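**Student:** Start from the sequences, fold in the hints, and give me the full structure.
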Amino acid sequence: MADDTSIIGKARPRIDGPAKVTGAARYPSDEPAPGAVWAFLVTSAIARGKVKSFDLDEAKAVPGVLDILTHWNVGGDAKPPAPTSKGKPTTTLESDRIWHDGQIIAVVVAETYEAAREAANRVHVDYDEEKPSATFGSPGAQEEKREPGDHEDPKIGDPEKAFGAAPVKIDQRYETPTQHHNPMELFTTTCFWQGDKLTIYEPSQFVYGLKNNVAKQLGIDPAKVTVVSRFTGGAFGSKGGTTARTAWIAVAARRLKRPVKLVATRDQGFTIATYRAETRHRLRLGADANGRLTALIHEGWELTSRPSQYNVSGTESTARIYACPNVETAVNLVHADRNTPGFMRAPPDTPYMFPLESAMDELAYALKMDPVELRRLNDAPKDPINGLPWSSRSLMKCYDAAAERFGWKQRNPVPGAMRDGDWKIGWGCATAAYPSNIAPCGATVRLDGDKASIGLAGQDLGTGAYTVIAMTAAQALKLPVENVSVELGHTDLPAASLAAGSSHTASICHAVAAACDKVNAKRAQGETGVIEETAANVPNGLPDSAMDKINHGQMAISRGFGRKDCTAYAFGAHFIEVRVHGRTGEIRTPRMVSAFASGTIINPLTAYSQYMGGMIWGISAALFEKTEIDLRAARYTNDNLADYLIPVNADAPEIDVLLVPEEDNAVNPMGIKGIGEIGIVGVNAAVANAVFHATGRRIRRLPIRIEDMV
Amino acid sequence: MTESIRFILNGELREVSGLPPSMTLLQYLRERAHLTGTKEGCAEGDCGACTVAIGRLNNGKVDYQSINACIAFLPTLDGREVVTVEHLKSKTGQLNPVQDAMVKCHGSQCGFCTPGFVMALSTLMHNCKDAKDDDIQDAIAGNLCRCTGYRPILDAARLANKSKDRELPSDVNALEKIQRKKMFAYEAGGAKFFAPVTGEELVEVYAQYPNATMLAGGTDVGLWVTKFHMDLPVIIYTGNVEGLRSIRETAEGLEIGAAVSYTDAFEALAAYDGSMLDMFKRFASVHIRNAGTVGGNIANGSPIGDGPPPLIALNAKLVLRSKAGARTLNLEDFFLAYKKQDRKQGEIVEKIIVPKKPAGVQFRVYKISKRFDQDISAVCGAFAADIQNGKVVEARIAFGGMAGTPKRATHAENALKGQPWNEATLQKAVAALDKDYAPMTDMRASAKYRADVARNLLKRFFIETTEPDVETQVYRYAE
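Keeping their order, the protein sequence lines are chains A and B. Heads up, the first sequence is in my numbering, so the first residue is 1 and it goes up one at a time. Heads up, the second sequence is in my numbering, so the first residue is 711 and it goes up one at a time.
Hints are computed from structural coordinates only; laboratory data are not their basis. Nothing here was measured: the structure is a model prediction, and the numbers come from that model. Heads up, a few of these hints could be off.
[As the list claims (entries may be wrong)] Here chain A is said to cover these stretches of chain B; the calculated rule only asks that three of the stretch's residues, wherever they fall, bring their Cβ under 8 Å from a Cβ of chain A:
hint, segment
1, 752-760
2, 848-856
3, 1092-1100
4, 1127-1135
5, 1162-1172
[Unchecked claim] Listed next, the in silico BS3-like pairs over lysine-lysine satisfying Cα-Cα at most 25 Å (straight line):
hint, chain 1, residue 1, chain 2, residue 2
6, A, K216, A, K86
7, A, K451, B, K814
8, A, K86, A, K155
9, B, K1158, A, K626
10, A, K478, B, K937
11, B, K937, A, K626
12, B, K1158, A, K10
13, B, K902, A, K60
14, A, K60, B, K937
15, A, K197, A, K257
All residues carry an ideal CB built from backbone N, CA and C; glycine is no exception.
**Tutor:** Here it is in structure tokens:
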């Protein structure tokens, strides 16, 4: 028997590990679908215009071809998926309209994968082509101020005046690139019908969302749709929203009365799902002679598709990280002929903290101050925008812990002063912060003697959800973890919210604890035999009806900012060493130390991995990852894993992750702040700051290229 | 005429017919054999999620190598053994040492890349009784993980390396029964596949099908199918031709058969000149090196292949053979223009001859790429100079990534020849490089960057050959 303190907070290998190392873990495309036939997508070769006509004769002649879906024959069979933001979605087979390069324009279905692929290659398309706009600055790209609604523009004091009067000023422009998630698992969908009931196997961060959205698209009762995603092979935001492909595979399966299976190719994944849009920023910081911030003005520009208003508006975070009496922010959208962007690991904070944390470093140099001390001086005792207390804030504790481990004291601040042979050494630091979010969630607990099984429609994206659920239940039910089994990723189970925004562990663990409480209450009443209880947890500040929204596949979330009682963020500090080669300009990152304080850590082992994975994403975002765009064709050119560079083992530095203990009684009852995204936030700036320290070159456009160094 | 494809899959004989010759092993495993542990992540040999071990009979034992199943055409497995992640557990259900360590060290997060890492490391453990850290790093250089940051996987490999029980299960007898003495001919749905076993059969069948696609390791041709959706009506596979698979030391030098894998060729070339080792490790992943061949990397004529520049600098000759006989040419003369080679109808690349390196010749090859491993070079430069008494007697310089073909820097060479090996000569040679190359800008590097790097690499060669104590090596793996 376990006691109360023996499980939560103790490192434990993941319970799904054995299934993963033996190949037994079933990802959606691994689910058996007897009699399945294959779909292959045909995507547009132009970025703007119309499909004038198809010549399908040659494709239909390929042996084994069963059906070819185009706007001609299925255009009215499905509506576009609901967008995740204001504005409208781009369309696919609903019409002849082409919104972006790589848009789905036909779906070929054949007896074998090879036949479907060959036939897809033999679909000939005649286009009415118009000149596309690719990105910022392209002729025809339309800029507009973001509509109010999804996000706010924090503002206090008189920033323009304060900036004008500031004795020390930073006024710079920054750019972050287009990036694609590239989870290792591809975008797959298998659909089959049993009578009027539809089953979908698809990797997802939100099976209830997918179920309800697809039902709506097809005009059928959501109760007739089942979605299964037991394991998801990485998502990082890319599998959060419903994409166009799913409904068309369902339509194909209905037409053929057979299961239809799609495994979209890696390059198609760049255009049939979402991505992190490129951003631009103007950031102005004003400070007094001692380094105290007097003005912060942050204006952002984000790229999106023609019809969508999707934006991430990271100014909601950058406005409140530091104590500053005069703050103003604004976000603008630029529409081009591109697919609609979407969530990607720390969607707002990764691009928006780059300018802030770069500018803080620039300000430290302008003031001849240590960058850590500049942050200490401007550490915010409360939320500077609304004056609410922090649920807890351990930013400087993180700085101090990581600085000591890193050996920051030995740093000679003069750029270029530290060398090792041909290598110029640079040390940089930056702040990490991420709002602590939590969503409504349901869970079922079934206790049978000394064995318990837990079920909820949440997701383990690799984060360790299976394991933290088992740990939470084992602790509450006083059972060994080995006696708890967990089922996730199936819409027959109680609903859980979108596994995103670093909210999932907080959301699911509170629901599991609530269900366990009900079981324990029955036990206390003397009930024996099998006890099964279902409970839902609705976070403080949300109405009870919020759980209905989740059941209907909609979003409901209590965010770290915008609460009435406090503002809740997890904080961290990054320190990184870069080495820039004096002759070739090669940049290496031999070591990194980061410290984080994220409230209660259920499983330090999985938490450590989440932080570390995030940090490596950050290095990658700073030095490698950029989706290159052909400006004439508005087309992604490096849409494969040979040319879209994600880090390999040799790129990963020696990494130290420090978990700074933090007890937070205000954020939520279990004190969980979320850890999946904070690891990446600010790393890009820490790298750029280190590169400046090594070389004296301030790079304000990511990724930092070898050309920037020679 | 068609025979069935025979191979051993996880201990069982499989006889396959009726499937297209360009079906990949990955598709077969997942969709026909229902072994879904092997994953698809890229379908082009970049990510390693589909890594499997391939066993090949060699003098009464089985040699195992890891390869990417996503670009291996099924008929190339004829006569081989395939081991997937499902076959690693013991008969009593125990995890193998790598699997066990991956669980304990938390080497798996989303788990999608995990079977590939497990197979790469299990193959290493089988082949290497005491793997060094460098061996481990090398074994997984072709496996991408988007979650873990790799450190827990390295920890797992180090832990597994302590285990004694690390053999892959093999069955020599079963493999012996499916070896062929004559050419394997396979046909399905009108598409043909030939795997000759002798040089005579090879030139004969090529003469019969002069438009056939020559297939060696499939690390390029595989992508023609998976990425460019090309139809390959006739494929001739060189991987079973005994004569093309040998490496010989002759009076002339090192003879490398065209179908020798890069793994094997590198071993011989590294013995020939140790300075190639660093580049070899970064040339491609182990899985690609196990499959890819020296001949294929030359015959496909890529301007950015890392094989030709060092071979050209070493004055390698190329032997081409057809039914009419053999001809030999200087390797650099084989590359005519972008993707255009001097290969006549019916000719195959038979072997590469690397002449003995005269004493006094200094040689270096450098690869510059954005990412350390598994990345295509922005620039690859190779330098060979015969320096006698401080004077350059002979110099050969070749670059990849600087022109439409791998190309010699004749102007720079001429600036060096007969001159004292000093700073002034270096500057002249560096300046002459501008006459040799007009590189292009693409997403790997700008033209200016390429030109700068080419100049700097020549300088680096000068420093390394004149001041050997100066540290110029690319930053090593984190210890």
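**Student:** Now tell me, hint by hint, if it's right for this structure.
**Tutor:** Verification of the hints:
| no. | hint | verdict |
| --- | --- | --- |
| 1 | 752-760 | holds (count 6) |
| 2 | 848-856 | holds (count 6) |
| 3 | 1092-1100 | violated (count 0) |
| 4 | 1127-1135 | violated (count 0) |
| 5 | 1162-1172 | holds (count 5) |
| 6 | A:K216 with A:K86 | 18 Å, holds |
| 7 | A:K451 with B:K814 | 24 Å, holds |
| 8 | A:K86 with A:K155 | 22 Å, holds |
| 9 | B:K1158 with A:K626 | 20 Å, holds |
| 10 | A:K478 with B:K937 | 54 Å, violated |
| 11 | B:K937 with A:K626 | 21 Å, holds |
| 12 | B:K1158 with A:K10 | 54 Å, violated |
| 13 | B:K902 with A:K60 | 23 Å, holds |
| 14 | A:K60 with B:K937 | 21 Å, holds |
| 15 | A:K197 with A:K257 | 12 Å, holds |
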